[in-house]
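K.L.:
Take the given structure of chain A and dock chain B to it, following the hints.
For reference, the chains in residue letters:
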Amino acid sequence: MLAYAAFAQPLARIEAALAQLGVTDDSDPILFECANTVPGLLTLLALLTLERSFVLVPPPRPGLDLPAPAFCRWRLRTNEDADTRPDAPASFLRAEPIADHQPLPADSKLRSSRLLLRTSGSLGSPKLVVHTHDGALANACNTIERLGLRADDRVFIPVPVAHMFGLGAALLPALVVGASVEVLANANLLRYLERERSFAPTVAYSTPNLCATLVRPRAAPAHYRHVVVAGDKLSPELFAKLETIYTRVVSLYGSTELGVICAADPREAEGPRAATVGHPLPGVELELELELGTNPSAEGELVCRHPFPFESYVDASGALIQSPSGSSFATRDLARIHEGGLVELLGRCDHAVKRDGRLVALAQVERALERLPMVARAAVVVAAEQTPRGRAIAAFCVAVPGSSIDAAQVRDACRDSLPAYAIPDRVVELEALPLLASGKLDRHTLAQQLTPTPGE
Amino acid sequence: MHAHQAQTDPVALIEELTNMIAHKLDVRIDEADITPTVPLLEGGLLLDSMILFELITLIEQRYEVVFPSDGLNTENFANLTVLAGHVNGLIAAKAGQGGRG
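Sequence lines, in order, name chains A and B.
For the record, in the first sequence the residue sitting at position 357 is 357 according to the numbering used here, with numbers rising by one throughout.
For the record, in the second sequence the residue sitting at position 25 is 25 according to the numbering used here, with numbers rising by one throughout.
In short, the hints are calculated from the structure, not lab data.
Derived lysine to aspartate or glutamate pairs resembling DMTMM-like cross-links, with alpha carbons at most 25 Å apart:
hint : chain 1 : residue 1 : chain 2 : residue 2
1    : A       : 233       : B       : 48
2    : A       : 241       : B       : 48
3    : A       : 241       : B       : 64
4    : A       : 354       : A       : 289
5    : B       : 24        : A       : 442
6    : A       : 241       : B       : 70
Derived coverage of chain A by chain B (criterion: at least 3 residues anywhere in the stretch with Cβ under 8 Å from a Cβ of chain B; other residues may be distant):
hint : region
7    : 183-190
8    : 212-218
Every residue, glycine too, gets a C-beta built ideally from N, C-alpha and C.
Next up, chain B with everything else stripped away, as it sits in the complex:
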């Protein structure tokens, strides 16, 4: 796992999250269906509880961040655009906290 820059390009981050869902999770979802605005849960990709948990775990490992409990809400996981914004915030906060990020 290599270090990350303080901010990740939002477009690149969304792409990476898309790739994560399509290829790292145990789901049968066509990558083309994972748009930046499709709902991740109801009315969209319908990620089930275990898959959602895997996604959270993958994101935390990949970006070396931890979602605070109050950040784990359905709003932050509405779609990839919103989620990428939240993850970027966590990455920036971690970088700001010290270390060379």
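In isolation and in its complexed conformation, chain A is listed as follows:
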């Protein structure tokens, strides 16, 4: 435990330890592998306080070590062993020079007070996103009011603080309000429950995957006010179970580029909270790019204008490759904006297919199917075969109890809510949708079940 009033001394010691390691003030960005530990947090705060430029990444996982950006001069990590003492930085700070370091030009922006984060890489190779320190802090402060964080909160952060969610939505806002903060590295059910027992959090941060492991049948701890969840949409069942444990679920939507964009209000009990990510944060303006599939009045790609956006992307050599300042940012997420401004995310634009020259979002087809009276759950995948409209789409449907799925009937019923080019070519009844251990839909297994049918 470390009180706020006692921060200055360890931070000063870290500054001295960095100098001793040769990580001097006048150098290119540091690659900082930040663990969810007290030494990790102290070093992170020291780098911010010292206005150093750094690339913030989680500690590498075995086999998943991404190459260091060549414009970084030092790799900095915090050591974890029995001898580590948070008040003695020499016991935990480790720095090694990056072998093929390519110095940045002296006038590069990246040399002054920049925070670089990696995108998740779910869309291909990860990109580096540049924020100014001030911008990242302002972005984090913008979330405090919405998330209802208070000085007397006990904030539990089992998600990596080296990612935007853990940093900008959890750690920085919690520190700014002066809350008690507990971090957990390598979260799993066992470690989470152990730490929950000892820390008794009032607010926790989580991902849908972690949540799925935490909703075991257990007595609801009395200490939680809410849990903040970012990532994929929670199923209504998981949402309901989470609310019995955490009192309230706050769905949050954001990105590495823009930080927090939307978040539900934990004080609001009404409304479609399970399906939406709340309203945009103060100063955030959203629009829908309306070129997509069905119902053009209400669904499309979410385009965002954020008061505290990222500064640019950066390429491997350290050159800034795109400056979005002042302009809108296309999120590549499909959304619907409900009356009153509540935002519902429908899926990634990449889960879409061109048919008849128009974009069909698979998530939208799934939603249309699930509104039919005989369909309980639906999953739509792109099939291998071609149709005159483009790639075939196939719908896997689970019938509501007492009903069955008649392919012709389901396709016909879709015509009321979907344009012709978005009607599934094939409809297959399943007893249950295949799920991954995480509870997410196993699209790969579904696609494998699609052997081309002659004559279709």
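P.N.:
Quick look at chain B alone, frame taken from chain A:
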């Protein structure tokens, strides 16, 4: 799912848990590496959070027991010997609670 005896032979239980990890979980771990004393998490098999959760779920289904929340701690999951002991305790407690077990 068939009923179980009040106590399972610890050696047989460890074997069954070994088999579970090697063949029922979505992991690429050589069965030979799963010894009774190898750590399941850090410094050993490195089961990740979802795999660990699957293992817990499989054990609960297979032996028709429920881990109480305070039994879900890293000590009880240190290695298969410790885990088998804990699971055996749950099986015995369930049998003692009534029914024909």
